[in-house]
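Undergrad: Read off the chains here:
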Amino acid sequence: MPHILIVEDDDHIRSALRLMFESEGFEVDDAASGEVGIAMFTRMASDVAIVDIMLPGMTGFETCKQIREVSDCPIVIVSARDQTTDVVLGLESGADDYVTKPFIPEELLARVKAHLRRRPEKSTNSFTLGELTVIPDEGIVKKSDGSELHLTSTEFRLLTDLASMNGKVLSREDLLERVWGYDYFGDTRLVDVHMRRLRTKIEPDPANPTFLITVRGTGYKLVL
Amino acid sequence: MHQRSLRTRLLVTFGLGSFVLSSLFASLTYFGVLSILINNQQSTDLKQSYENATLVRNTLSTNPSGLTATLNSIEKATNTQALVRTQGQWLSESSGAQPPEISAATISAADKGTVTEQTVRFANQDIFIVGLPIPSVHSEYFEVFSLSSLSNTLQTLLELLSLGTLAISVIGIVGGLWATRRVVKPLREVSEAAALIAQGQLDTRLSVNNADREVQQLSNSFNEMVAQLVERLDRDARFASDVSHELRSPLTTVVTTAAILQQHRADLSPAGQESLDLLTADLAIFQTLVEDLLEMARNDAGATPHVSENVAAIELVNQAARSAARRLGIEAPSIELDASVKNPHIVVDRRRFERVIANLLDNATRYAGGVVAIRVTCTEASFIVNVDDAGTGIAPDERSQVFERFFRGRIAHDRSSVRGTGLGLALVREHIVAFDGSIIVLESPEGGARLQISIPISSEEYA
Chain A
1 MPHILIVEDD
11 DHIRSALRLM
21 FESEGFEVDD
31 AASGEVGIAM
41 FTRMASDVAI
51 VDIMLPGMTG
61 FETCKQIREV
71 SDCPIVIVSA
81 RDQTTDVVLG
91 LESGADDYVT
101 KPFIPEELLA
111 RVKAHLRRRP
121 EKSTNSFTLG
131 ELTVIPDEGI
141 VKKSDGSELH
151 LTSTEFRLLT
161 DLASMNGKVL
171 SREDLLERVW
181 GYDYFGDTRL
191 VDVHMRRLRT
201 KIEPDPANPT
211 FLITVRGTGY
221 KLVL
Chain B
1 MHQRSLRTRL
11 LVTFGLGSFV
21 LSSLFASLTY
31 FGVLSILINN
41 QQSTDLKQSY
51 ENATLVRNTL
61 STNPSGLTAT
71 LNSIEKATNT
81 QALVRTQGQW
91 LSESSGAQPP
101 EISAATISAA
111 DKGTVTEQTV
121 RFANQDIFIV
131 GLPIPSVHSE
141 YFEVFSLSSL
151 SNTLQTLLEL
161 LSLGTLAISV
171 IGIVGGLWAT
181 RRVVKPLREV
191 SEAAALIAQG
201 QLDTRLSVNN
211 ADREVQQLSN
221 SFNEMVAQLV
231 ERLDRDARFA
241 SDVSHELRSP
251 LTTVVTTAAI
261 LQQHRADLSP
271 AGQESLDLLT
281 ADLAIFQTLV
291 EDLLEMARND
301 AGATPHVSEN
311 VAAIELVNQA
321 ARSAARRLGI
331 EAPSIELDAS
341 VKNPHIVVDR
351 RRFERVIANL
361 LDNATRYAGG
371 VVAIRVTCTE
381 ASFIVNVDDA
391 GTGIAPDERS
401 QVFERFFRGR
411 IAHDRSSVRG
421 TGLGLALVRE
431 HIVAFDGSII
441 VLESPEGGAR
451 LQISIPISSE
461 EYA
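Chain order of the listed sequences is A and B.
First residue of the first sequence? That's 1 in the numbering used here, and the numbers climb one at a time after it.
First residue of the second sequence? That's 1 in the numbering used here, and the numbers climb one at a time after it.
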């Protein structure tokens, strides 16, 4: 039974979310603040977390960061704010996904389930990116000194999906469908922010990427 | 009505004013000088005539034969013409006939013993004639003075005054230019600043470092007005954002709990199930309405920045149509590309463009029996998307109104079970206009409505 953590300060929304996920067979922990949420998460690591941005005390952004420090679990931000700056900040804090209120309940459920279903693309062989070795079967990236480079599951999936295209371009929409597993209502900001974050991890010079190339007006490709 | 510019009017006023005033002054000067000079000249001439007449009288009474010599010496000394008439006979070296320049009236007046003065124009010369009776020798003495030297002086004066008038008029126009520039410049600055502000450059302000107090006051008032306007816009934007948050939270709860109820639909009585269906259906509309309203309010307040990207248009239309169709629970419409379509790129905000396509599909599905096809074509400059529906078309008189907020067409009234927000197409137009594009209603080849969007093709990457 998947375990979900809901961090949301509005009592009504929190209860409604709890009811919804419980009737879908989730085991639910809920918290009214980031601090309580983090405490719950350290007691019992959830499979997925839903975090509001405007929380009393610790913000949702900070909560995401702290969860990300200890876990790779998918984090979905649910917020009434839909300005691009908020979306970018949220994703840069480590969230995998961003849903604006009032969301369509079926869609939120579908997104959470899609994140939980996600597994690395099956038949991709190991490949190297400069000094890095990506091993999809084990879900890890090794540096030249043998230590492991940490990628979230979303980042890993982005990398392996692009690798499987053998240098062909994938549009943002394709990536949304393949990596996030759900046909989103066009929020391609998700892809751009994740690409940026991925670049800072794998590119020697993130400002002048040599592996993850943006094809203007079209999408992204991975040059091996 | 024909509107002349303030500048032209001021210039004409200055020019004409200085011309009229200086002409008036010049005329007064000229005529004043004229009368003084003539009076002086004539009194001098008269005095001289008396002296000469005395000389003639002495000659006639003592030595009449010496008269010619006397007259010659007078003429030589004074550069005049001296004439004597004795007992009706002209005594001079000439034929003895009456000199033509002296009128009969002057002669007869002198004959009767009256001193006469006369100014006449003879043979293009102004001349002054004095007639003096000399009763003791039964004679009359006439002297003819030329006024031509005076005329030359007056001519020179007239020329100088005309030149002066012209110079003053020119100075008046130049002064007018300077003054109007000074007056019109701040006006132009205000109108330019207002235009910039209307275009959305809200940080535009007028310089308050102006030497003229009135202009400085104008600048200060103007700047204050703009500051208040900006503050008000900010407040509106904040309000829209606050309202947005306050509406979203309860709506989220309601929508989510309704969804949970739907999951437990089977546990409800038939009446409960029917109520739940009504609730769910209207909640969906309410949710769309709130989202449309919020988007519109933020557009009005200029609160949501446009994120403009140069994107491949066909791919964007494809993706937007697929995604919208899935949301609406309909089959993805077929997209037909004209031969003219290669790989156009357009500069748009993706999220808003997808919203446009979604609203058009939603509209067609809700009111017109669905989308027949999305037909894409290109002109030299525009990327054109036609969304053709399966309805009966939109009456020509309603075509421009469908983009009004909360417009309800006749079809919508006929089909009262169909509910929409009345904002979908209005929002579509606002977004399209923001992309520098346009949207119109036409008729599709199948007789339904065709909603036609055209968006400028960005010049780069058009291959």
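Quick caveat, the hints were computed from the structure, so don't treat them as lab data.
Take these hints with a grain of salt, some might be off.
Here are the simulated lysine-lysine pairs, BS3-like style, with alpha carbons at most 30 Å apart [as the list claims (entries may be wrong)]:
{"id": "1", "chain 1": "A", "residue 1": "Lys168", "chain 2": "B", "residue 2": "Lys47"}
{"id": "2", "chain 1": "A", "residue 1": "Lys113", "chain 2": "A", "residue 2": "Lys65"}
{"id": "3", "chain 1": "A", "residue 1": "Lys65", "chain 2": "A", "residue 2": "Lys168"}
{"id": "4", "chain 1": "A", "residue 1": "Lys142", "chain 2": "A", "residue 2": "Lys221"}
{"id": "5", "chain 1": "A", "residue 1": "Lys221", "chain 2": "B", "residue 2": "Lys47"}
{"id": "6", "chain 1": "A", "residue 1": "Lys221", "chain 2": "A", "residue 2": "Lys65"}
Facing chain A, according to a computed beta carbon distance under 7 Å, are these residues of chain B, among others [stated by the list, open to error]:
{"id": "7", "residue": "Asn40"}
{"id": "8", "residue": "Ser249"}
{"id": "9", "residue": "Val255"}
{"id": "10", "residue": "Arg375"}
{"id": "11", "residue": "Thr379"}
Even glycine gets a Cβ: it sits at the ideal position worked out from N, Cα and C.
Undergrad: Is the shortest C-beta separation between Asn40 of chain B and chain A less than 7 Å?
TA: violated, 95 Å
Undergrad: Please verify whether Lys168 of chain A and Lys47 of chain B have alpha carbons no more than 30 Å apart.
TA: violated, 123 Å
Undergrad: Verify the interface restraint on Val255 of chain B: the C-beta must sit less than 7 Å from at least one C-beta of chain A.
TA: Where the cut-off is 7 Å and the nearest Cβ of chain A is about 5 Å from Val255 of chain B, the hint holds.
Undergrad: With a cut-off of 30 Å on the C-alpha distance, tell me whether Lys142 of chain A and Lys221 of chain A pass.
TA: holds, 21 Å
Undergrad: Is the interface hint for Thr379 of chain B satisfied, with its Cβ closer than 7 Å to some Cβ of chain A?
TA: violated, 20 Å
Undergrad: Can the restraint linking Lys65 of chain A and Lys168 of chain A be considered satisfied, given a maximum Cα separation of 30 Å?
TA: violated, 33 Å
Undergrad: Please work out if Lys221 of chain A and Lys65 of chain A have their alpha carbons no farther apart than 30 Å.
TA: The hint holds at about 28 Å.
Undergrad: Compare the distance between the alpha carbons of Lys221 of chain A and Lys47 of chain B with 30 Å, and conclude whether the hinted pair is satisfied.
TA: violated, 120 Å
Undergrad: Please check whether Arg375 of chain B passes as an interface residue: C-beta within 7 Å of a C-beta belonging to chain A.
TA: Constraint on Arg375 of chain B not satisfied, violated at 21 Å.
Undergrad: Given the hinted pair Lys113 of chain A and Lys65 of chain A, is their Cα-Cα distance within 30 Å?
TA: holds, 22 Å
Undergrad: A closest beta-carbon separation below 7 Å is what the hint needs, so does Ser249 of chain B meet it against chain A?
TA: Result: holds, 5 Å to nearest chain A Cβ.
In summary, the structure is inconsistent with hints 1, 3, 5, 7, 10 and 11 from the numbered list given earlier, while agreeing with the others.
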